[in-house]
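Construct the entire structure; sequences and hints are all you get.
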Amino acid sequence: DVKVTQSSRYLVKRTGEKVFLECVQDMDHENMFWYRQDPGLGLRLIYFSYDVKMKEKGDIPEGYSVSREKKERFSLILESASTNQTSMYLCASNAGPFNQPQHFGDGTRLSIL
Amino acid sequence: AQSVTQPDIHITVSEGASLELRCNYSYGATPYLFWYVQSPGQGLQLLLKYFSGDTLVQGIKGFEAEFKRSQSSFNLRKPSVHWSDAAEYFCAVGDFGNEKLTFGTGTRLTIIP
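Note that the protein sequences, when read in sequence, are chains G and X.
Counting in our numbering, the first sequence runs without a single skipped number right up to 113 at its last residue.
Counting in our numbering, the second sequence runs without a single skipped number right up to 226 at its last residue.
It is possible that some hints are incorrect.
[Unchecked claim] As a list, the in silico DSSO-like pairs of lysine-lysine whose alpha-carbon atoms are at most 27 Å apart:
1) G:LYS57 <-> G:LYS71
2) G:LYS53 <-> G:LYS3
3) X:LYS213 <-> G:LYS57
4) X:LYS174 <-> X:LYS213
5) X:LYS174 <-> X:LYS162
6) X:LYS213 <-> G:LYS70
7) G:LYS57 <-> G:LYS13
8) G:LYS13 <-> G:LYS55
9) G:LYS3 <-> X:LYS181
10) G:LYS3 <-> X:LYS174
11) G:LYS55 <-> X:LYS162
12) G:LYS55 <-> X:LYS213
13) G:LYS55 <-> G:LYS70
14) G:LYS71 <-> G:LYS53
15) X:LYS213 <-> X:LYS162
16) X:LYS162 <-> G:LYS57
17) X:LYS162 <-> X:LYS181
18) G:LYS70 <-> G:LYS18
19) G:LYS53 <-> X:LYS213
20) X:LYS213 <-> G:LYS3
21) G:LYS71 <-> G:LYS55
22) X:LYS181 <-> X:LYS213
23) G:LYS18 <-> G:LYS55
24) G:LYS70 <-> G:LYS3
25) G:LYS53 <-> G:LYS18
26) G:LYS71 <-> X:LYS213
27) X:LYS162 <-> G:LYS71
28) G:LYS3 <-> G:LYS57
Bear in mind the hints are in silico, worked out from the structure with no lab data behind them.
Keep in mind it's a predicted model, so treat the numbers as computed, not measured.
This is the structure we're talking about:
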């Protein structure tokens with residue numbers, strides 16, 4: 001069974017801090033994704049990566065960056081956290097190409113104070 | 114650009130009753146279509162997917178969905194719901210040209226005894 005593991009379930013940080021959210025998958029998937037989920041807005045794609053060191057912007061990349069140094073790990077970075085980045089963050093992975101189903105982690109609920 | 118509309122924010126159904134959750138999509142060609150379910154505090158789990166072929170798709174947990182090109186719809190159905198089906202349900206459309214998924218805003222399902 002595919003396992004996508006997000007390092008923290010809950011995280012509280014302060015405005016202006018640099019925040020790292022980590023995601024690891026164990027199925028050798030090529031593609032990895034970061035979403036944020038907000039009530040009434042569904043899931044919105046922040047960034048995705050289709051290979052090591054490769055990344056593409058999603059629909060809402062502003063204020064975020066990503067890193068993929070190893071195939072199994074995809075990190076989301078908030079360079080200077082702001083209160084409007086308080087949200088649920090979901091990581092996913094799939095085997096490319098052609099939109100194979102994405103497998104999701106359990107999410108990180110991030111609060112920025 | 115592709116888009117997904119889930120017109121029902123919240124639906125309440127009695128246990129044992131039938132269920133239909135609506136999903137309408139906008140996409141220029143034959144889409145990849147998915148239904149995911151999210152239980153409280155969890156990530157998303159794939160219920161079923163449509164890529165091509167038979168327009169009636171069977172999924173896990175007794176769910177099915179029907180692709181209707183003429184109506185741009187992909188509604189999710191279940192003949193008899195169980196209390197454990199209470200969750201949030203997301204419809205998503207995939208783009209053939211890349212790996213991006215566009216999600217609807219979700220429908221929250223409540224089951225009453």
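To see whether the hints hold, each was checked on the structure:
no. : hint                  : verdict
1   : G:LYS57 <-> G:LYS71   : 18 Å, holds
2   : G:LYS53 <-> G:LYS3    : 21 Å, holds
3   : X:LYS213 <-> G:LYS57  : 10 Å, holds
4   : X:LYS174 <-> X:LYS213 : 26 Å, holds
5   : X:LYS174 <-> X:LYS162 : 14 Å, holds
6   : X:LYS213 <-> G:LYS70  : 21 Å, holds
7   : G:LYS57 <-> G:LYS13   : 24 Å, holds
8   : G:LYS13 <-> G:LYS55   : 26 Å, holds
9   : G:LYS3 <-> X:LYS181   : 33 Å, violated
10  : G:LYS3 <-> X:LYS174   : 20 Å, holds
11  : G:LYS55 <-> X:LYS162  : 26 Å, holds
12  : G:LYS55 <-> X:LYS213  : 12 Å, holds
13  : G:LYS55 <-> G:LYS70   : 13 Å, holds
14  : G:LYS71 <-> G:LYS53   : 9 Å, holds
15  : X:LYS213 <-> X:LYS162 : 15 Å, holds
16  : X:LYS162 <-> G:LYS57  : 25 Å, holds
17  : X:LYS162 <-> X:LYS181 : 14 Å, holds
18  : G:LYS70 <-> G:LYS18   : 21 Å, holds
19  : G:LYS53 <-> X:LYS213  : 18 Å, holds
20  : X:LYS213 <-> G:LYS3   : 20 Å, holds
21  : G:LYS71 <-> G:LYS55   : 12 Å, holds
22  : X:LYS181 <-> X:LYS213 : 22 Å, holds
23  : G:LYS18 <-> G:LYS55   : 20 Å, holds
24  : G:LYS70 <-> G:LYS3    : 16 Å, holds
25  : G:LYS53 <-> G:LYS18   : 21 Å, holds
26  : G:LYS71 <-> X:LYS213  : 18 Å, holds
27  : X:LYS162 <-> G:LYS71  : 26 Å, holds
28  : G:LYS3 <-> G:LYS57    : 24 Å, holds
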